[in-house]
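Q: If you're matching them up, the sequences are chains A, B, C and D in order. Mind the numbering: the first sequence is residues 1 to 165 in the working numbering, read in order. Mind the numbering: the second sequence is residues 1 to 165 in the working numbering, read in order. Mind the numbering: the third sequence is residues 1 to 165 in the working numbering, read in order. Mind the numbering: the fourth sequence is residues 1 to 165 in the working numbering, read in order.
Just so you know, the hints here were simulated from the structure itself, not pulled from any lab data. Each hint should be verified, as a subset may be incorrect.
As the list claims (entries may be wrong) - Pairs of lysine-lysine, DSSO-like flavour, derived with a Cα cap of 27 Å:
#1 C:LYS103 / A:LYS27
#2 A:LYS103 / A:LYS155
#3 A:LYS155 / C:LYS27
#4 B:LYS27 / D:LYS155
#5 C:LYS103 / C:LYS155
#6 D:LYS155 / D:LYS103
#7 B:LYS155 / B:LYS103
#8 D:LYS27 / B:LYS155
Number of protein chains: 4
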Amino acid sequence: MAAIRIVVTGGTFDKEYNELTGALAFKATHLPEMLRLGRSRVDVSIHTLMMIDSLDMTDADRARIVEACAGAAESQIVVTHGTDTMVETARTLAASFPRDGNKTIVLTGAMVPYAFGSSDGLFNLGSAISFAQVLPPGVYLAMNGRFFQWDHVRKNRETGTFEAV
Amino acid sequence: MAAIRIVVTGGTFDKEYNELTGALAFKATHLPEMLRLGRSRVDVSIHTLMMIDSLDMTDADRARIVEACAGAAESQIVVTHGTDTMVETARTLAASFPRDGNKTIVLTGAMVPYAFGSSDGLFNLGSAISFAQVLPPGVYLAMNGRFFQWDHVRKNRETGTFEAV
Amino acid sequence: MAAIRIVVTGGTFDKEYNELTGALAFKATHLPEMLRLGRSRVDVSIHTLMMIDSLDMTDADRARIVEACAGAAESQIVVTHGTDTMVETARTLAASFPRDGNKTIVLTGAMVPYAFGSSDGLFNLGSAISFAQVLPPGVYLAMNGRFFQWDHVRKNRETGTFEAV
Amino acid sequence: MAAIRIVVTGGTFDKEYNELTGALAFKATHLPEMLRLGRSRVDVSIHTLMMIDSLDMTDADRARIVEACAGAAESQIVVTHGTDTMVETARTLAASFPRDGNKTIVLTGAMVPYAFGSSDGLFNLGSAISFAQVLPPGVYLAMNGRFFQWDHVRKNRETGTFEAV
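Next up, chain A with everything else stripped away, as it sits in the complex:
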């Protein structure tokens, strides 16, 4: 079993409710707690790179994500990310990590914050970690129980789901 690097960038996945302000905000990532809940025994190292809403993500932020993936010793990488611009970040990553390369990068996220009762986050994390272990090198999205090649997917904003194109 190879080790997996998890690069945390924020997104709905990690948002919390701030009870003093009544607003959604970021504190620490929930990844360690989620892996504990899932009784995960996968060898992972978690790297919290940024904690931002993916609508606020800039080109400079994406360059840092590419850099974090390039610098990782692991060949299997999961990137947690907001769903709104996940496809765009996947495209940026694909320019550096080709299908005939040596890294499998899987982006995932959630439609509902993990901290709220009805989140898809734990399901998606189980899915992304699994796909990262068996898919060949390349850049993928793992959402809705499926995996998508970075250049054959779009987010359907009416249904809140990802579709193959």
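Here the structure of chain A is known, so what remains is to put chains B, C and D in place on it, guided by the hints.
A: Only chains B, C and D this time, still in chain A's reference frame:
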């Protein structure tokens, strides 16, 4: 995207607390609710074959599971199962579904019932559904975020986790 | 056991996460579900008067709450309300429902939406319904496991708790 | 605001799922966590007297509960207790704590363990703590959002609810 058949056999996964008797018991499977929570868009058909504790599973029960997998039109199958004898059922299945066959069968389960707050069930389901889509034909276990070949795994009863052997 | 009227006005209590917009919003009240979870056998009638953030509550809205309480056949009333202006609405109600009157009105709310995992809502509802059954006529707040006379309470915005003054 | 003594005796309230054995069992009480979740600001002291199923409670155990209540400096006491013999323990307590005495004792419990998703525990705790603050001296049960005099209540085992008799 190929369709997946989910064969439900019970196990901790689907146990519930009966508030009148104070005992753990089976009612209906939680699979549809779990797939809805995970916002799964995988094409699945759920077949509730039995709802039993895997310690109570007989050879006749295992024969019915083999039969259910053989009769499934889908080539990707997830079997939900109690963890105590999951390895034994995997071995029985492997006699009928070889690595050079045409079916990928992934057994999964949970250490804590899905209906209870701290369950690993949703994580494991996301994992099992993902592995079923990409692993080559053969019989596998998906637990603890990992996949195991049926003949290289054992349950460690002290830690409650599965290990490669 | 006398019957209790529950007047719903919205507030954090009933906010939900809209997964398509990523914003907090109101849909239907969670009161029936909460009473079911609490296995409540209190005879209640739920009246959804409005579903608003208490920071948006106007004098006209408060007049409608007074009217709803005055028109209720029940002498015990629980009003669910946002915490930010709960004290102000209590003061308005007190002008119409004096301590030597015939109605016991208890306002309650939540710091975290019921729909999220870590809500105080169920605790507060159990508390408010209980206080409404035994406190003498007058207007009260039930928060933090305590009850407060309407004219001896303030919300501490730094701690997010209510204090006697 | 007077202080409340909470005497913990176990019961369904505090049962947990042991994932290694698959059985329900007691570990530590959930009371502190529940009070934190409820954002309780009531001054309480928690005394874990025993952690047992109320069907296993002996006369000696009940004598210890009486003793714990008698020895408490607080005049308001909440006793957490299994529902099966809650009425019997209330009767025992009533022999020592009469209606013209100086202690208000409220027994409460849960139909579903707090650790499981669908528990009535938090609702009942909010209710019991509230009743303890306002009811006159005597021994009561707080269940289903209601309070009952110890000598006018029975558990209906078919519905799993408490009824006035």
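Q: Run every hint past the structure and note whether it holds.
A: For each hint, the structure was consulted:
1. C:LYS103 / A:LYS27: It is violated: about 44 Å lies between the C-alpha atoms, which goes past 27 Å.
2. A:LYS103 / A:LYS155: Roughly 24 Å between the alpha carbons, so the hint for LYS103 (chain A) and LYS155 (chain A) holds.
3. A:LYS155 / C:LYS27: holds, 25 Å
4. B:LYS27 / D:LYS155: holds, 24 Å
5. C:LYS103 / C:LYS155: holds, 24 Å
6. D:LYS155 / D:LYS103: Holds, because 24 Å separates the two Cα atoms, which is no more than 27 Å.
7. B:LYS155 / B:LYS103: holds, 24 Å
8. D:LYS27 / B:LYS155: Given pair LYS27 (chain D), LYS155 (chain B) holds - Cα atoms ~24 Å apart, limit 27 Å.
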